[in-house]
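S.K.: Sequence:
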Amino acid sequence: MTVKVGAKAPNFALESDEGKRIGLGDFSGHWLIVYFYPRDNTPGCTREAMEFTEAGARFKKLGATVIGLSKDSVTSHCGFREKVGITFPLLSDPDLAVHKAYGAWGPKTMYGKKVEGTIRSTFLVAPDGTVAHVWRSVKVDGHVEKVLDTLRSLRGGIANNKSARS
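Residue numbers (our numbering): 1 to 166.
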């Protein structure tokens with residue numbers, strides 16, 4: 001399954017590193033960034049988590065919340081959060097149901113070899129629960145800034161307001 005812009009975001013309720021279940025409905029009326037990453041404590045995933053953490057105040061200023069999802073366990077997420085200083089919830093999707101519902105699991109090429117795994121993807125969910133933007137096969141470097149720019153643009157054309165970046 002592949003989620004498209006304008007479609008209702010697939011519902012979910014998963015265990016988080018905060019010790020509670022977090023679901024899509026918890027963010028109703030707010031902007032939500034849902035990003036899927038392959039694995040805790042790997043170089044690219046660590047950089048991505050750090051960049052989302054560093055941009056946390058800017059996302060908050062724009063009325064958005066970030067959550068990260070991987071198939072790793074809650075225990076793994078807790079260690080990752082502590083080690084890296086992550087300030088947003090990490091959700092565990094061990095059976096890959098949410099990954100598959102969003103189209104973030106499937107065939108990909110890794111080191112020249114075809115494998116099945118997490119397709120690094122980010123979904124911007126609008127306050128009405130529809131998918132406002134999709135990034136697939138994400139390259140980590142510069143990605144968070146692209147998400148911020150798109151969010152600014154969709155929130156009313158303040159993309160060029162440099163003060164919103166501070």
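For the record, the hints were derived by calculation from the structure and aren't laboratory data.
Careful: at least some of the hints might be erroneous.
[Claimed, not checked] Straight-line distance between alpha carbons at most 25 Å, and here's what the computed BS3-like set of lysine-lysine pairs gives: (1) Lys114 <-> Lys60; (2) Lys71 <-> Lys100; (3) Lys100 <-> Lys8; (4) Lys146 <-> Lys61; (5) Lys60 <-> Lys20; (6) Lys71 <-> Lys83; (7) Lys71 <-> Lys114; (8) Lys83 <-> Lys139; (9) Lys100 <-> Lys83; (10) Lys4 <-> Lys146; (11) Lys114 <-> Lys61; (12) Lys71 <-> Lys139; (13) Lys139 <-> Lys4; (14) Lys114 <-> Lys100; (15) Lys114 <-> Lys83; (16) Lys146 <-> Lys8; (17) Lys61 <-> Lys108; (18) Lys113 <-> Lys61; (19) Lys113 <-> Lys83; (20) Lys20 <-> Lys114; (21) Lys83 <-> Lys4; (22) Lys100 <-> Lys146; (23) Lys61 <-> Lys100; (24) Lys83 <-> Lys8; (25) Lys20 <-> Lys113; (26) Lys60 <-> Lys113.
[As the list claims (entries may be wrong)] Distance ranges between label pairs, derived from CB positions: (27) Asp128 <-> Pro107: 16 to 26 Å; (28) Gly29 <-> Gly6: 26 to 36 Å; (29) Glu18 <-> Lys114: 14 to 24 Å; (30) His30 <-> Pro107: 12 to 22 Å; (31) Thr130 <-> Pro43: 15 to 25 Å; (32) Asn11 <-> Gly106: 33 to 43 Å; (33) Gly79 <-> Lys100: 35 to 45 Å; (34) Thr109 <-> Gly25: 16 to 26 Å; (35) Lys146 <-> Pro43: 40 to 50 Å; (36) Gly117 <-> Lys61: 16 to 26 Å; (37) Ser73 <-> Glu51: 17 to 27 Å; (38) Ala13 <-> Thr109: 26 to 36 Å.
Backbone N, C-alpha and C fix where the C-beta goes; we use that ideal spot for every residue, glycine too.
S.K.: Hint by hint, note whether the structure agrees.
M.R.: Status of each hint after checking the structure:
Only pairs whose Cα atoms come within 25 Å are accepted, and lysine 114 paired with lysine 60 is rejected, the gap being roughly 38 Å. Pair hint lysine 71 plus lysine 100 holds up; C-alpha atoms about 11 Å apart against a cutoff of 25 Å. Among the hinted pairs, lysine 100 with lysine 8 is consistent with the structure: their alpha-carbon atoms are about 15 Å apart, no more than 25 Å. The hinted pair formed by lysine 146 and lysine 61 meets the criterion: a straight-line CA distance of about 16 Å does not exceed 25 Å.
Pair hint lysine 60 plus lysine 20 holds up; C-alpha atoms about 21 Å apart against a cutoff of 25 Å. Proposed proximity of lysine 71 and lysine 83 is supported: the alpha carbons are some 18 Å apart, at most 25 Å. Between the alpha carbons of lysine 71 and lysine 114 the distance comes to roughly 19 Å, so the proposed pair stays at or under 25 Å and holds. Distance restraint check for lysine 83 and lysine 139: the Cα-Cα separation of roughly 23 Å lies within the 25 Å cut-off, and the hinted pair is therefore satisfied.
For the given pair, lysine 100 sits about 28 Å from lysine 83 by alpha-carbon distance, which is inconsistent with the 25 Å threshold. Restraint check: the Cα-Cα separation between lysine 4 and lysine 146 comes to about 18 Å, which is no more than 25 Å; the hinted pair holds. Under the criterion of a C-alpha separation no larger than 25 Å, the hint pairing lysine 114 with lysine 61 is inconsistent with the structure, at around 41 Å. A hinted pair counts as satisfied when its Cα atoms are at most 25 Å apart, and lysine 71 with lysine 139 qualifies at roughly 19 Å.
Between the alpha carbons of lysine 139 and lysine 4 the distance comes to roughly 20 Å, so the proposed pair stays at or under 25 Å and holds. Proposed proximity of lysine 114 and lysine 100 is supported: the alpha carbons are some 18 Å apart, at most 25 Å. The straight-line distance between the Cα atoms of lysine 114 and lysine 83 is roughly 31 Å, outside the 25 Å bound, and the hint therefore fails. About 22 Å separates the Cα atoms of lysine 146 and lysine 8, which keeps this hinted pair within 25 Å; it holds.
For the suggested pair lysine 61 and lysine 108, the alpha carbons sit about 35 Å apart, so the restraint of at most 25 Å is broken. A C-alpha spacing of about 42 Å is found between lysine 113 and lysine 61, which places the hinted pair above 25 Å, so the restraint is violated. The straight-line distance between the Cα atoms of lysine 113 and lysine 83 is roughly 31 Å, outside the 25 Å bound, and the hint therefore fails. The straight-line distance between the Cα atoms of lysine 20 and lysine 114 is roughly 36 Å, outside the 25 Å bound, and the hint therefore fails.
With a CA separation close to 34 Å, the supplied pair lysine 83 and lysine 4 exceeds the 25 Å bound. Distance check on the hinted pair: lysine 100 and lysine 146 sit about 24 Å apart at the alpha-carbon level, within 25 Å; holds. In summary, the hint linking lysine 61 to lysine 100 is not supported, as the alpha carbons are separated by about 31 Å, beyond the 25 Å threshold. For the hint linking lysine 83 to lysine 8, the alpha-carbon distance of about 35 Å lies beyond 25 Å, and the restraint is violated.
For the hint linking lysine 20 to lysine 113, the alpha-carbon distance of about 37 Å lies beyond 25 Å, and the restraint is violated. A C-alpha spacing of about 39 Å is found between lysine 60 and lysine 113, which places the hinted pair above 25 Å, so the restraint is violated. Between aspartate 128 and proline 107 the beta carbons are some 32 Å apart, a value that contradicts the proposed interval 16 to 26 Å. A C-beta distance of roughly 18 Å is found between glycine 29 and glycine 6, which places it outside the suggested range of 26 to 36 Å.
Evaluation of the 14 to 24 Å hint for glutamate 18 and lysine 114 yields a failure: the beta carbon distance comes to about 36 Å. The hint said 12 to 22 Å for the Cβ distance between histidine 30 and proline 107, and at roughly 33 Å that hint is violated. About 34 Å separates the C-beta atoms of threonine 130 and proline 43, a value inconsistent with the hinted range of 15 to 25 Å. Between asparagine 11 and glycine 106, the C-beta spacing of about 20 Å breaks the proposed range 33 to 43 Å.
Hint check: glycine 79 to lysine 100, Cβ distance near 26 Å, so the stated range 35 to 45 Å is violated. Taking the beta carbon of each, threonine 109 and glycine 25 are about 36 Å apart, not inside 16 to 26 Å as hinted. Under the hint 40 to 50 Å, the C-beta atoms of lysine 146 and proline 43, about 20 Å apart, miss the expected range. A hinted range of 16 to 26 Å is violated for the C-beta pair glycine 117 and lysine 61, which are about 34 Å apart.
Our hint of 17 to 27 Å for serine 73 and glutamate 51 holds, since their Cβ atoms are close to 23 Å apart. Distance hint check for alanine 13 and threonine 109: the Cβ-Cβ separation is about 32 Å, which falls inside the suggested range of 26 to 36 Å.
In this structure, the hints that do not hold are numbers 1, 9, 11, 15, 17, 18, 19, 20, 21, 23, 24, 25, 26, 27, 28, 29, 30, 31, 32, 33, 34, 35, 36, in rising order.
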